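Visitor: Model the full structure from these sequences, guided by the hints.
Protein chains: 2
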Amino acid sequence: MAQAPLSRRDQNKLEKRGRIIAAARAFFAQKGFEATTIQDIADAAGVSVGTVFLYAKAKEDLLILVFHDEMTGVIDQAYRAALKHAGLVDQLCAFFDVEADYHERDLPLARALMRKLGYVDNAEQRDAVTELMSANYTRLAMLIEAAKTRGEVGAAAPLLPAARSIFACYYLHLGGFLSGYIDRDRFDRMVREHFELLLKGLGAG
Amino acid sequence: MAQAPLSRRDQNKLEKRGRIIAAARAFFAQKGFEATTIQDIADAAGVSVGTVFLYAKAKEDLLILVFHDEMTGVIDQAYRAALKHAGLVDQLCAFFDVEADYHERDLPLARALMRKLGYVDNAEQRDAVTELMSANYTRLAMLIEAAKTRGEVGAAAPLLPAARSIFACYYLHLGGFLSGYIDRDRFDRMVREHFELLLKGLGAG
DNA sequence: AGATAAAAATGAATACACTCATTTTTGTTG
DNA sequence: CAACAAAAATGAGTGTATTCATTTTTATCT
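Residue numbers (the numbering used here), protein chains in the order written: chain W, 121 to 325; chain A, 121 to 325.
Hints were generated in silico from the structure; no laboratory data involved.
Certain hints may be false.
It does not matter which identical chain is meant; a pair holds if it fits inside one copy or across any two.
Unchecked claim - Cross-link-like lysine to any residue pairs, in silico, SDA-like; alpha carbons within 20 Å at most:
(1) K268 / K320
(2) K151 / E272
(3) K177 / E154
(4) K204 / G193
(5) K133 / D189
(6) K177 / A155
(7) K177 / G300
(8) K179 / E154
(9) K151 / D241
(10) K320 / P281
(11) K136 / A146
(12) K136 / G170
(13) K320 / G271
(14) K151 / Y239
(15) K177 / S299
(16) K177 / Q159
(17) K133 / K177
(18) K136 / D217
Just so we're clear, the structure is a prediction, and the values are computed from it rather than from any experiment.
Guide: Spelled out as structure tokens, the structure:
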């Protein structure tokens, strides 16, 4: 790892960026995303309104900035939780249980993020999202791979498509949960049901 | 079907609502969602700005209103297209091909909708979305049911969860397509791959 | 019909995201 | 260090979604 050469200018920028993200996080959690104004964030971070827009092209971009850091940790935590279980289905449920818990801790924020993720326009943001998705897929693929060596999953099963299938089910139901179509209990049960179905396959007699 | 007793008042409201939705549809298609102002729509519909907000609590709600009508037709069309094919996987691909085509016709609009669907706050809108989802699930369940009688799908497979699994894969990849992570070709291939995987099951050797 | 109440419509006023011409800070060169 | 150029920061200005006190329309009485 080459240590980045941080000029005073870049150091200041990074520090400022950190203050803005921290301020955004605090206000989003306290007042909610909608009720938080850019002015709020600017004041708390000790910068002007215009400066905030130098670091985030739109208010919603702040969501991605806030979540990117946090989510990376949550995904790791989810993977560790999964490893404590034996069967693949239990592992997957444990994995997404951690992620769902995280979202449940701050529903308004999770809802705002969910919307933002519906369509990401900015290339920079897209990279950040892709990175998080990859982090999820990688962990899921590792769980499936391990299940293969245990004989739970057939050797021919394609890792990445399987991981995406699994994530797709989780994601759809997470949306249902966040929008209030279903409660957390039903969410948990439906997700498990889908994982079992995917493992068995529709074709099975 | 009991004909609704339409008082003059309700008649006017319905007509006005129709004008607003038509105006919104036209402007969204022509200028795009963002660039369309409520004033545009109000002028074209021959009402005031305030009146538009009487029929849609927020600008984004107009998206749901516009799509609800259109989508109902598209889903029917998708189902009819599916019936022209023999195997379940081909049927599913044909089904979602029609829906994806519809979205592809107006990408900016589809993207705006995708975001809106990320979290639906209003109860009325939620009902509209639920109705569309049910329409999808019902058709998919019918296809699976038919596949059961052909022996393609095991008798024990739960219809609705299977339909949701199928839709979840489609929906995740549609998001990827609309956001520009993948192109249409890749979208088609990935969706098919997922359907095959779901049919076979991960457990299969 | 005229009077009255309820519903619907109005558009000026408000609040806030976002822009951009100007100013300030930082880095570089002689 | 002074002078200059490039980068960053600023905040008043702009446009538009949304609100709400007021006005207009519709329905229901006597």
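Visitor: Could you run down the list of hints and mark each one as holding or not?
Guide: Comparing the hints with the structure gives:
1. With identical chains, the CA atoms of K268 and K320 are at most 20 Å apart both within one copy (14 Å) and between copies (16 Å).
2. Taking CA atoms no more than 20 Å apart as the test, K151 paired with E272 passes in neither setting, with 46 Å inside one copy and 53 Å between copies.
3. In this assembly of identical chains, the alpha carbons of K177 and E154 lie at most 20 Å apart whether taken from the same copy (17 Å) or from different copies (16 Å).
4. Proximity of K204 to G193 under the C-alpha cut-off of 20 Å is restricted to the intra-copy arrangement: shortest distance 17 Å within a copy versus 48 Å between copies.
5. Only within a single protomer do K133 and D189 lie at most 20 Å apart by alpha-carbon distance; the minimum there is 17 Å, versus 49 Å between protomers.
6. Proximity of K177 and A155 under a CA criterion of 20 Å is satisfied in both settings, with 19 Å inside one chain copy and 17 Å between copies.
7. Taking the shortest Cα distances, K177 and G300 sit within 20 Å of each other only across copies (19 Å), while inside one copy they are farther apart (30 Å).
8. Proximity of K179 and E154 under a CA criterion of 20 Å is satisfied in both settings, with 10 Å inside one chain copy and 15 Å between copies.
9. In this assembly of identical chains, K151 and D241 lie within 20 Å of each other by CA distance solely across copies; the values are 17 Å between and 26 Å within a copy.
10. In this homomeric assembly, K320 and P281 come within 20 Å of each other (Cα to Cα) both inside a single copy, at 16 Å, and across copies, at 13 Å.
11. In this assembly of identical chains, K136 and A146 lie within 20 Å of each other by CA distance solely inside one copy; the values are 15 Å within and 44 Å between copies.
12. Within a single copy, K136 and G170 get their C-alpha atoms as close as 13 Å, which meets the 20 Å cut-off; across copies the closest is 41 Å, which misses it.
13. Proximity of K320 and G271 under a CA criterion of 20 Å is satisfied in both settings, with 13 Å inside one chain copy and 16 Å between copies.
14. Taking the shortest alpha-carbon separations for K151 and Y239, only the inter-copy value of 18 Å comes in at or below 20 Å, while the best intra-copy value is 24 Å.
15. Taking the shortest Cα distances, K177 and S299 sit within 20 Å of each other only across copies (17 Å), while inside one copy they are farther apart (27 Å).
16. Taking CA atoms no more than 20 Å apart as the test, K177 paired with Q159 passes inside one copy only; the shortest distance there is 15 Å, against 26 Å between copies.
17. Taking CA atoms no more than 20 Å apart as the test, K133 paired with K177 passes inside one copy only; the shortest distance there is 16 Å, against 40 Å between copies.
18. In this assembly of identical chains, K136 and D217 lie within 20 Å of each other by CA distance neither inside one copy nor across copies; the values are 34 Å within and 47 Å between.
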